[in-house]
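Visitor: Model the full assembly from the supplied sequences, consistent with the hints where possible.
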Amino acid sequence: MSKNFIISVWIISPSGGLIYKKDIAGQSTLARGNDPLELGSLFHSQYAISSALSPLPGTSSGIESVETDDFRIQCLRTPTGILFFVLAEPHATNLERTLKELYELFADYVGKNPFYVPNQPIKSALFDKKILESPFI
Amino acid sequence: MNSDPLQQAGENAWQDTKHVHSSLLSITYGCLVEQLVKDFADIEAVNEITKRMGSFIGKRVCDDVLSHAQVSKCENVKEALQITTKVGFRMMLNIQPTLTTTPDPKIFVLSFPENPLSSNVEIPTELNDIAYSNIICGVIEGALELLRYEVKADFVKEVVKGDHTNEIRVEHIRDIPEQISDIFET
Numbered sequence: 001m002s003k004n005f006i007i008s009v010w011i012i013s014p015s016g017g018l019i020y021k022k023d024i025a026g027q028s029t030l031a032r033g034n035d036p037l038e039l040g041s042l043f044h045s046q047y048a049i050s051s052a053l054s055p056l057p058g059t060s061s062g063i064e065s066v067e068t069d070d071f072r073i074q075c076l077r078t079p080t081g082i083l084f085f086v087l088a089e090p091h092a093t094n095l096e097r098t099l100k101e102l103y104e105l106f107a108d109y110v111g112k113n114p115f116y117v118p119n120q121p122i123k124s125a126l127f128d129k130k131i132l133e134s135p136f137i
Numbered sequence: 001m002n003s004d005p006l007q008q009a010g011e012n013a014w015q016d017t018k019h020v021h022s023s024l025l026s027i028t029y030g031c032l033v034e035q036l037v038k039d040f041a042d043i044e045a046v047n048e049i050t051k052r053m054g055s056f057i058g059k060r061v062c063d064d065v066l067s068h069a070q071v072s073k074c075e076n077v078k079e080a081l082q083i084t085t086k087v088g089f090r091m092m093l094n095i096q097p098t099l100t101t102t103p104d105p106k107i108f109v110l111s112f113p114e115n116p117l118s119s120n121v122e123i124p125t126e127l128n129d130i131a132y133s134n135i136i137c138g139v140i141e142g143a144l145e146l147l148r149y150e151v152k153a154d155f156v157k158e159v160v161k162g163d164h165t166n167e168i169r170v171e172h173i174r175d176i177p178e179q180i181s182d183i184f185e186t
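Residue numbers (my numbering), protein chains in the order written: chain Y, 1 to 137; chain U, 1 to 186.
Keep in mind the hints are simulated off the structure, nothing from the lab.
Just so you know, not all the hints are guaranteed correct.
As the list claims (entries may be wrong) - Here are the computed distance ranges between Cβ atoms for each label pair:
| # | chain 1 | residue 1 | chain 2 | residue 2 | range |
| --- | --- | --- | --- | --- | --- |
| 1 | U | 31 | Y | 25 | 43 to 51 Å |
| 2 | Y | 128 | U | 163 | 30 to 38 Å |
| 3 | U | 52 | Y | 90 | 46 to 54 Å |
| 4 | U | 35 | Y | 66 | 48 to 56 Å |
What the hints assert, rightly or not - Not the full set, but computed from the structure, chain U residues with beta-carbon under 10 Å of chain Y:
| # | residue |
| --- | --- |
| 5 | 63 |
| 6 | 65 |
| 7 | 66 |
| 8 | 71 |
| 9 | 83 |
| 10 | 148 |
What the hints assert, rightly or not - Each computed DSS-like pair below joins lysine-lysine, with the alpha-carbon atoms no more than 25 Å apart:
| # | chain 1 | residue 1 | chain 2 | residue 2 |
| --- | --- | --- | --- | --- |
| 11 | U | 18 | U | 78 |
| 12 | Y | 129 | Y | 22 |
| 13 | U | 78 | Y | 21 |
| 14 | Y | 123 | U | 59 |
| 15 | U | 59 | Y | 100 |
| 16 | Y | 22 | Y | 3 |
| 17 | U | 18 | Y | 100 |
| 18 | U | 18 | Y | 112 |
| 19 | Y | 112 | Y | 130 |
| 20 | Y | 123 | Y | 112 |
| 21 | Y | 130 | U | 59 |
| 22 | U | 59 | Y | 112 |
| 23 | U | 18 | Y | 129 |
| 24 | U | 18 | Y | 130 |
Note that this is a predicted model, so its numbers are computed, not measured.
We put the CB at the ideal spot given by N, CA and C, even for glycine.
Guide: The structure is reproduced here in structure tokens:
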């Protein structure tokens with residue numbers, strides 16, 4: 001179990017494709033085939049719908065968090081359109097900080113890698129390592 | 001503490017970052033331009049290439065700046081340029097250009113007396129048409145494109161050409177629309 005009660009972290013590209021998913025808690029969730037890809041894209045669409053539903057168009061941030069009995073989801077959408085979200089235990093706190101950390105790690109170890117092609121799946125051992133080492137994840 | 005949160009974010013980002021000697025940057029960039037001038041007889045081509053390289057840098061550096069700027073969204077091109085000057089330039093070059101609006105709401109001017117890229121440069125007369133630090137204009141264009149603002153940035157004054165300050169004119173061409181249909185079609 002992660003020290004910050006994080007279960008998994010997901011990154012969705014601005015065009016809606018799942019580009020990264022990492023299980024933190026050890027046991028794999030949703031491991032079957034393309035399920036994560038489909039769910040990631042669906043969540044991206046839900047996010048887009050939620051911000052389009054706003055009575056003040058164009059100003060809503062969309063879904064920020066989803067809470068259930070067994071887990072919660074916290075989201076961060078960057079101004080550049082990347083959607084980060086984490087699945088965590090219901091009692092996890094300060095997930096905003098976790099997401100900020102994730103965004104900074106992404107900017108440092110994915111964005112600054114000249115051989116990373118934007119919007120493509122992230123396959124970076126260094127990024128994996130930094131995520132697992134981070135005190136906030 | 002600084003009263004302007006963006007300015008404070010820029011200050012913090014600068015403090016938190018590891019620094020290298022500015023000579024490394026100016027020499028590296030100088031060699032790059034030197035090689036481009038050798039490779040291309042046409043100065044316009046050199047200007048175009050430095051701008052295009054800047055645009056690639058802008059697209060990569062944008063998230064780096066935003067992750068430090070602590071802004072969740074930016075509503076218009078002016079806000080985007082404020083983040084660019086107060087956080088981006090401060091964090092990357094340790095300068096903070098003054099952002100001025102003009103009577104035309106689509107045109108903005110960034111002025112900065114010091115430019116670390118060209119502080120040791122003298123331009124020979126035969127290269128008078130070179131926009132030496134054009135890479136900076138490219139960075140602005142690339143970064144704002146990622147925020148869905150199409151802009152055209154160009155130097156209008158350069159200290160290396162005898163002006164008293166450096167000025168970049170930024171023209172807002174259009175907002176790149178984000179439509180829900182885009183998301184469902186991809």
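Visitor: Each of the hints needs a verdict: does it hold here or not?
Guide: Going through the hints against the structure:
| no. | hint | verdict |
| --- | --- | --- |
| 1 | U:31 with Y:25: 43 to 51 Å | 49 Å, holds |
| 2 | Y:128 with U:163: 30 to 38 Å | 49 Å, violated |
| 3 | U:52 with Y:90: 46 to 54 Å | 49 Å, holds |
| 4 | U:35 with Y:66: 48 to 56 Å | 53 Å, holds |
| 5 | 63 | 4 Å, holds |
| 6 | 65 | 8 Å, holds |
| 7 | 66 | 6 Å, holds |
| 8 | 71 | 7 Å, holds |
| 9 | 83 | 9 Å, holds |
| 10 | 148 | 8 Å, holds |
| 11 | U:18 with U:78 | 29 Å, violated |
| 12 | Y:129 with Y:22 | 11 Å, holds |
| 13 | U:78 with Y:21 | 35 Å, violated |
| 14 | Y:123 with U:59 | 20 Å, holds |
| 15 | U:59 with Y:100 | 19 Å, holds |
| 16 | Y:22 with Y:3 | 15 Å, holds |
| 17 | U:18 with Y:100 | 19 Å, holds |
| 18 | U:18 with Y:112 | 15 Å, holds |
| 19 | Y:112 with Y:130 | 14 Å, holds |
| 20 | Y:123 with Y:112 | 14 Å, holds |
| 21 | Y:130 with U:59 | 22 Å, holds |
| 22 | U:59 with Y:112 | 10 Å, holds |
| 23 | U:18 with Y:129 | 21 Å, holds |
| 24 | U:18 with Y:130 | 18 Å, holds |
The structure fails to meet hints 2, 11, 13 from the earlier list, while all remaining hints are met.
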